[in-house]
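Residue numbers (the working numbering), protein chains in the order written: chain A, 17 to 318; chain B, 17 to 318; chain C, 17 to 318; chain D, 17 to 318.
The hints are simulated quantities; they were obtained by calculation from the structure and are not laboratory data.
It is possible that part of the hints are untrue.
Copies of the same chain look alike in the list, so a pair counts if it fits in one copy or across any two.
What the hints assert, rightly or not - Here are the simulated DSSO-like pairs of lysine-lysine, each with C-alpha atoms no more than 30 Å apart in a straight line:
| no. | residue 1 | residue 2 |
| --- | --- | --- |
| 1 | Lys317 | Lys51 |
| 2 | Lys260 | Lys306 |
| 3 | Lys317 | Lys184 |
| 4 | Lys260 | Lys184 |
| 5 | Lys260 | Lys290 |
| 6 | Lys184 | Lys293 |
| 7 | Lys51 | Lys306 |
Now for the letters of each chain:
Protein chains: 4
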Amino acid sequence: MPITPDQQAEIDALRAQPRQTLRAVSEGMEAHLYKAREVLDHGFVRVIDYMGDDAAICQAARVSYGKGTKSVQNDAGLIRYLMRHWHSTPFEMCEIKLHVKLPVFVARQWIRHRTANVNEYSARYSILDREFYIPRAEDLAAQSVVNNQGRGETLTGEEAERVLRYLKDDAGRAYDHYEEMISDEGQQGLARELARMNLPANIYTQWYWKVDLHNLFHFLRLRADSHAQYEIRVYADAICEMVKDWVPAAFGAFEDYRMGGANLSARQLDCIRKMLKGEEVTQETSGMSKGEWREFEGVLKG
Amino acid sequence: MPITPDQQAEIDALRAQPRQTLRAVSEGMEAHLYKAREVLDHGFVRVIDYMGDDAAICQAARVSYGKGTKSVQNDAGLIRYLMRHWHSTPFEMCEIKLHVKLPVFVARQWIRHRTANVNEYSARYSILDREFYIPRAEDLAAQSVVNNQGRGETLTGEEAERVLRYLKDDAGRAYDHYEEMISDEGQQGLARELARMNLPANIYTQWYWKVDLHNLFHFLRLRADSHAQYEIRVYADAICEMVKDWVPAAFGAFEDYRMGGANLSARQLDCIRKMLKGEEVTQETSGMSKGEWREFEGVLKG
Amino acid sequence: MPITPDQQAEIDALRAQPRQTLRAVSEGMEAHLYKAREVLDHGFVRVIDYMGDDAAICQAARVSYGKGTKSVQNDAGLIRYLMRHWHSTPFEMCEIKLHVKLPVFVARQWIRHRTANVNEYSARYSILDREFYIPRAEDLAAQSVVNNQGRGETLTGEEAERVLRYLKDDAGRAYDHYEEMISDEGQQGLARELARMNLPANIYTQWYWKVDLHNLFHFLRLRADSHAQYEIRVYADAICEMVKDWVPAAFGAFEDYRMGGANLSARQLDCIRKMLKGEEVTQETSGMSKGEWREFEGVLKG
Amino acid sequence: MPITPDQQAEIDALRAQPRQTLRAVSEGMEAHLYKAREVLDHGFVRVIDYMGDDAAICQAARVSYGKGTKSVQNDAGLIRYLMRHWHSTPFEMCEIKLHVKLPVFVARQWIRHRTANVNEYSARYSILDREFYIPRAEDLAAQSVVNNQGRGETLTGEEAERVLRYLKDDAGRAYDHYEEMISDEGQQGLARELARMNLPANIYTQWYWKVDLHNLFHFLRLRADSHAQYEIRVYADAICEMVKDWVPAAFGAFEDYRMGGANLSARQLDCIRKMLKGEEVTQETSGMSKGEWREFEGVLKG
């Protein structure tokens, strides 16, 4: 259960109090504010605040006095131009603040994106909740046999059952001992900053995460990608749904140039030029390694 | 004239259209939005957007679901605690976006603060305006004789007149030639990206500058300081006036712990301890250099 | 055992091959290169590379052509001046690259220092070793009763024994199951990126961490401080020993102005001024909260 | 004259004193150390220090104990893999420190790359030299008629002469007045921090600039590109010559995947797929704007 009734009441209270502002407002994003979008078994993402909209990107690009745009269509064209030519600074002029609840092993990947602001729930001060990520049966993937870093087929039968049993039992026992160690009933009680070391990486933590749109796009390109670990990809996907409503033109350009695009090397461009002239090109004549050629074929197939 | 009637009309239009939002709103900051606060002879600072308020700082520190605060008084106490113990991340959860018009030599100092987002008016694309910073007579300071980096007394008489004449004439001539070089009447016209090299460092440029509150405080501590160059200090002072209305509790803590505070060394703390015991301490017995001792005496006098 | 014989042989091989360079060399640091300084029960810190020395700080401050310094004494004076006046950029001109082996819960604190470069051992690709941090009996502290974030007295007797037993047993069992889950003997084998979620936060990880001297000092000020958690402080202390030999003048200034110094607020400076005039000041008349007054008294006592 | 005899003597002295180190050494880079590579009429780039080599990239990627590589060939393959899959952190493990002398208008573009460390020669403290960038006749380009941001044909005849005369005369006069204003002979002398505002943007400044290899590649991709302004591109080109000798494998991968590569959008990839099937695609049917289509045709032509 990602949100308790008390927490829901606080969220409802915030959503019940619209106020007046002179700032840029994105209606699409207002609809998302504070609501928790559920992710995994106990996690969520919710927007706490945002700054700017599509027009604000154009306004910054033009360093203008007013809204800085003549029409929504012009804005979309300018935004595509900026995205295509890697003019990243206008996208940095939009900002988003999220509240995220996520397993620790996902948080450890996430935090590697350094150009962001983070406040994490402190396990030195506070007591963590008894909530662990336990994968659904269909997400219990085997180690890939072709990719050291990837997943293969789904585990089945006894093997799957054993894995789930281990994950649940070990987490439960670790948490029981965590609670017992920090308890001050009839004993001193171990310091929280020490006791937490007994907790496994599938325990949930939460944080406030604030990032500008340029760096968010970078995060989404890597983490909403099919090569990202499933457990972080679902968070990236959830954020995509919000960004799409927040800055539709910028998100459209991002989808075309980044998510759906590809970075081709000089060698790969050469191959394409030859192919377009009708020449045959093979992995051997391309100068690419087998892995690179396979990726190249994937791009050409779409 | 920092703002033309057209620009003022655009600003008025933006201020005439309040909209509804569910986000945190700072009434103090809404009053400033879009309005240009004049700085120097042609410059200004104006707030384009902001994110968060005092309560948002506390909310982030607590990673909370609702507004995260019980009372304004509790907020102020927590904010003082966070500031005192260098917990900088909650302050990073507030963000401000400014439109600034400023002389190039000021912009060159300003940009050294790297943790910010910037979109500057492009002199490759566009033609710069004929606007130069010419100091007021009372700001024409001589080189300091005690501080290599500082200012001494105000210039007077013929010397002051000559300086002003040079600054005005040289800027005017440089701009005439700039215009003449880029003109395409009866000639090809020099590329703008080249012609701009003829313009002096007191020409005005403008940019959108976005920064979080923690890094803004760092900027203000260095640039609103009495050792900062006057021409950037007036911008920092203007920003202080806005921040004071935006996040009053955070600004109060900043004034107490940073602006009005001092960082004392181990040696200096030792001296104070001795002095409080009634011992006499001199520069010679303090272990400090003359310059450091002079600064220390300044702190003790207040 | 932090280093295996094979690893030691690799280190020895690197230390046996001095080469010629025209770069700045710090003899003090050369003596540390590659050697592992043991920290906690299985961890270590070792220097992999460094750039610059005390002279390089001065050289950068002066943007000079040669070594940029006249004498070691002048260097030390300039470095103290730079540190005192928060001229941070010359210190950024030195860089250090460390190889660190550390428990995951320490890594999670450490990574919050964002201005650094990190390559961590990947538990998606690779299999983690069976090594866990188990505190020594004397480091098993109780939760502090005065400070939510701190440690109190040392646990004793049965309570201490039970804690150690839980930590050891739970870690061992979690690792057994980790191994069993990823095994491909007679089964598919769970993906490593999933299996790792069963491992507790006291398992060891390792990374390469590269940072400039200014940001390293910031890290050390916070983490070698008495308020930092013991398990990260011992790493900071180990790094201090290396930095002292690498850039002795800079480290001396850091100790005086940062580690041994204090940041006093405007209110606190006022109190000191009154006290020096012989006036009595109490918590009530100071305007400080009780917590702040206690800290202030601590500074005055030394 | 970019380097005076005195400065050359300092450089020679540094190059005459090889010392022993246990660190990674790049022979290719040692040959460049301290030597000034001339750029434009008075500028230069010279390497002051560096950290790491190709092997260090692999070593970091593997978080290894020893040199971390089996053969130069394996290294090159791994480096290509890392570059192709945007694994940027291993490249961040190499660092370079440059001393650059450059016109102020170039410095203003350069500094927009924020993830770097900079110490610039201070015109508040010191007196700038009388050195200005005056373009060669063949670099006096007209404003482009097709690209707002670009250059067209070379100016000729009287127009070119007039431009050069203006640039020289205005710079000379501005500097005469600068000198006269700061002079303390028979007058107080204007503060340096004020007098500098009279100097045009083609005056030379200098700085120490330190950056990691990943961010340097980003800089080079944008600034060694044909769309970059000529006056910064020549600096980027000069740096490429050094990097090629420093980390040959990484530079090779950079040339293939970044400099010679292209980022194609989803739409563009669709077009290529259709073309490879023999379908005709035109700008109208492509969904691209005219500008984008022109760029796409450019990529296909090579």
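key: Identical-chain pair category, Lys317 with Lys51, by Cα at 30 Å   = This pair counts as neither: shortest intra-copy Cα distance 39 Å, inter-copy 50 Å.
Intra/inter-copy verdict for Lys317 and Lys184 if alpha-carbon distance must be at most 30 Å = Answer is neither; intra-copy 42 Å and inter-copy 52 Å both fail.
request  = Up to 30 Å between alpha-carbons, please classify Lys260 paired with Lys290: within, between, both or neither.
outcome  = between (38 Å within a copy, 28 Å between copies)
request  = Up to 30 Å between alpha-carbons, please classify Lys260 paired with Lys306: within, between, both or neither.
outcome  = Cα proximity of Lys260 and Lys306: across copies only (26 Å, versus 37 Å in one copy).
Homomeric proximity label, Lys184 with Lys293: Cα distance no greater than 30 Å = Intra 59 Å, inter 52 Å, cutoff 30 Å: neither.
inquiry  = Checking an output row: Lys260 and Lys184, CA cutoff 30 Å. Within, between, both or neither?
reply    = neither (36 Å within a copy, 48 Å between copies)
query = Given identical chains, is Lys51 near Lys306, meaning Cα to Cα at most 30 Å, within a copy, between copies, both, or neither?
reply = Neither. Shortest intra-copy (46 Å) and inter-copy (39 Å) distances fail the 30 Å Cα cut-off.
The structure is inconsistent with the numbered hints 1, 3, 4, 6 and 7, although it conforms to all the rest.
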